[in-house]
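**Student:** Sequence:
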Amino acid sequence: MARKLGAGVVLSLMALVVLSLSAVGSTRFQGIAGDYQIDITRLGMPLVFYLRIGADGTFMLSPNTRFDPSESRGTGVLAESKGVYMMIYKEHTPDNPKTATFVLDGPNLVFQSRLPYGQSNILNTAEDPDDPEIVYTLTADTLALAEYYGTYVGSHSTQAMGATVEYVYSLQLKPGLRYVFSSEFTMGGTAYAYSETGSWNVSGEQFTLDPADEPSVQGTITADGQITIGIRPSAMAATRTNRLLRIATHAHVAGTYFAEKTTAMYTAKATLVLDVFGHYRYTVDVGQPQPYEESGSYDVTGTTITFEPEGGAGYSATLENLVLTGSFRVIGAMPATQMVMYGRAVQGTFAGSATHEGVEYKTLLTLNPNGTYKLLISDDTGQPVVDSTGTFQMRRAMTLNVVLAGMDPAPICSVSESGLNFSIVLPGMTATTMGGLGFSLKRQ
191 MARKLGAGVV LSLMALVVLS LSAVGSTRFQ GIAGDYQIDI TRLGMPLVFY LRIGADGTFM
251 LSPNTRFDPS ESRGTGVLAE SKGVYMMIYK EHTPDNPKTA TFVLDGPNLV FQSRLPYGQS
311 NILNTAEDPD DPEIVYTLTA DTLALAEYYG TYVGSHSTQA MGATVEYVYS LQLKPGLRYV
371 FSSEFTMGGT AYAYSETGSW NVSGEQFTLD PADEPSVQGT ITADGQITIG IRPSAMAATR
431 TNRLLRIATH AHVAGTYFAE KTTAMYTAKA TLVLDVFGHY RYTVDVGQPQ PYEESGSYDV
491 TGTTITFEPE GGAGYSATLE NLVLTGSFRV IGAMPATQMV MYGRAVQGTF AGSATHEGVE
551 YKTLLTLNPN GTYKLLISDD TGQPVVDSTG TFQMRRAMTL NVVLAGMDPA PICSVSESGL
611 NFSIVLPGMT ATTMGGLGFS LKRQ
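With the working numbering, you'll find the sequence shown wraps up at 634, consecutive numbering, no jumps.
Take the hints with a grain of salt, since some may be wrong.
Unchecked claim - Under the rule of at most 27 Å between Cα atoms (straight-line distance), these lysine-lysine pairs were calculated in the DSSO-like manner: (1) K564 with K552; (2) K459 with K552; (3) K564 with K632; (4) K288 with K272.
Stated by the list, open to error - Simulated DEER-style distance windows between Cβ atoms: (5) D475 with E317: 38 to 48 Å; (6) R436 with K564: 26 to 36 Å; (7) N560 with T387: 17 to 27 Å; (8) H442 with N560: 54 to 64 Å; (9) P599 with G504: 26 to 36 Å; (10) T545 with K280: 34 to 44 Å; (11) E483 with M588: 12 to 22 Å; (12) T493 with S310: 24 to 34 Å; (13) G378 with T545: 35 to 45 Å; (14) A595 with G572: 50 to 60 Å; (15) S393 with T348: 42 to 52 Å; (16) K564 with Q396: 51 to 61 Å; (17) M455 with E317: 50 to 60 Å.
Source of the hints: derived by calculation from the structure; they are not laboratory data. Quick caveat, the model's predicted, so the values are computed rather than measured. Idealized CB from N, CA, C, for every residue including glycine.
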């Protein structure tokens, strides 16, 4: 949603500055009061922060949902004219203006200007690095109904083409009252994926989906996290069918983790799968005829994961920043050994390109399950300009980062949903305030 502000609206808003500063205490802004999430990952920085608007028109920007005044990244009051809202910061003066404007898009806020946040001044639009026709807009997504956020999953089987087709699907209820429905299935030896997006709402036990370009769908939701709703599991489905989806209680840690450990006796290659309902399966290959396998249940308390294997004694490990550390068996008859496992988001080969002074540079970064990496950056003639190997570590600052050791300075790759983002000063290049040439790497 794009909307330019006319001169009249701007003048009206500026005329309201003094009135707004004196109107604190009213409930004029009750309709938009609440907490909002602002995710600027697609605008070039994998960062999420928060906005709180009071019914009296006051606002605060915060790095977290505590909204502690000591951690504030900006406070002030709102003004409104003809559906356009202006955030007037406490530091605002006529000679040194500090404001931001937004309009409403349903329950969410869409910014029409840069947004001051701490010492930063965040752009309100950005082009997709892979497709310039896609433009992302800075949005504050409502955190209303946050108690229902999460991933709900389900499955069912049908007969088609003389075979059984198993549909596995998930429904993500997200901030902004937005949802993403995804379904995966295999038919005739070919894997298919189907997705649907839209908005959602809850009123009592009534659950509503509003798919894009389709009529709304009514269903139910229970206090223990069960949704019954009509779904379309594939693009080939002519109608929706009521299905049950359950809250994925362990979705925040679920995934696949990999490790590789070499000793004088063996090289162990381990895979651990944590499912969304608290079950796990662990497999490790040390070159013997049969791999060691283990399955059971698991639970999470903070950063501690407790495993309860079937027919065995329980044990614990630590999961932090996509790294799982603990003692695991690799050979059934031997004691457990210390293992370090890495989540899939930081495993495999990632690639991307960027242009500097007319030269296109291509990057390949491989992160291995033994904690090592290989970084290769080549120019447009295919000649390597960076060829480095070493170990990597996971660290969390404002974002979750992969730090490549063995380079000076060590590039820091921020982890995003789509891959990895990092900048590097190439040989012969002058360092910039952003650290050098930026790359957006996608998984291969």
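**Student:** Taking the Cβ atom of D475 and the Cβ atom of E317, is their distance within the range 38 to 48 Å?
**Tutor:** 45 Å, holds
**Student:** Within a Cα-Cα threshold of 27 Å, do K288 and K272 meet the stated pairing?
**Tutor:** Holds, at about 21 Å.
**Student:** Are N560 and T387 spaced within 17 to 27 Å by their CB atoms?
**Tutor:** Because 38 Å falls outside the window, the suggested range is violated.
**Student:** Does K632 lie within 27 Å of K564 when you go C-alpha to C-alpha?
**Tutor:** Cα-Cα ~15 Å, so holds.
**Student:** Quick check on a hinted range of 50 to 60 Å for M455 and E317, using CB atoms only.
**Tutor:** Taking Cβ atoms as reference, M455 and E317 lie about 53 Å apart, which means the hint holds.
**Student:** Looking only at beta-carbon atoms, does the pair A595, G572 fall within the given range of 50 to 60 Å?
**Tutor:** Roughly 27 Å apart at Cβ, these two residues miss the hinted range, so it is violated.
**Student:** Take a look at whether the Cβ-Cβ distance between S393 and T348 falls inside 42 to 52 Å.
**Tutor:** 32 Å, violated
**Student:** For R436 and K564, compare the CB-CB distance with the range 26 to 36 Å and indicate the outcome.
**Tutor:** 41 Å, violated
**Student:** Between G378 and T545, does the beta-carbon spacing fit 35 to 45 Å?
**Tutor:** 42 Å Cβ-Cβ, so the 35 to 45 Å window holds.
**Student:** With respect to the beta-carbon atoms only, verify the hint that K564 and Q396 lie 51 to 61 Å apart.
**Tutor:** 53 Å, holds
**Student:** Take a quick look at whether K564 and K552 sit within 27 Å of each other, Cα to Cα.
**Tutor:** 14 Å, holds
**Student:** Could one say that the CB atoms of E483 and M588 fall in the range 12 to 22 Å?
**Tutor:** Given a distance of about 40 Å, which is not inside 12 to 22 Å, the answer is violated.
Checked against the numbered hints above, the structure breaks hints 2, 6, 7, 8, 9, 11, 14 and 15 and satisfies the rest.
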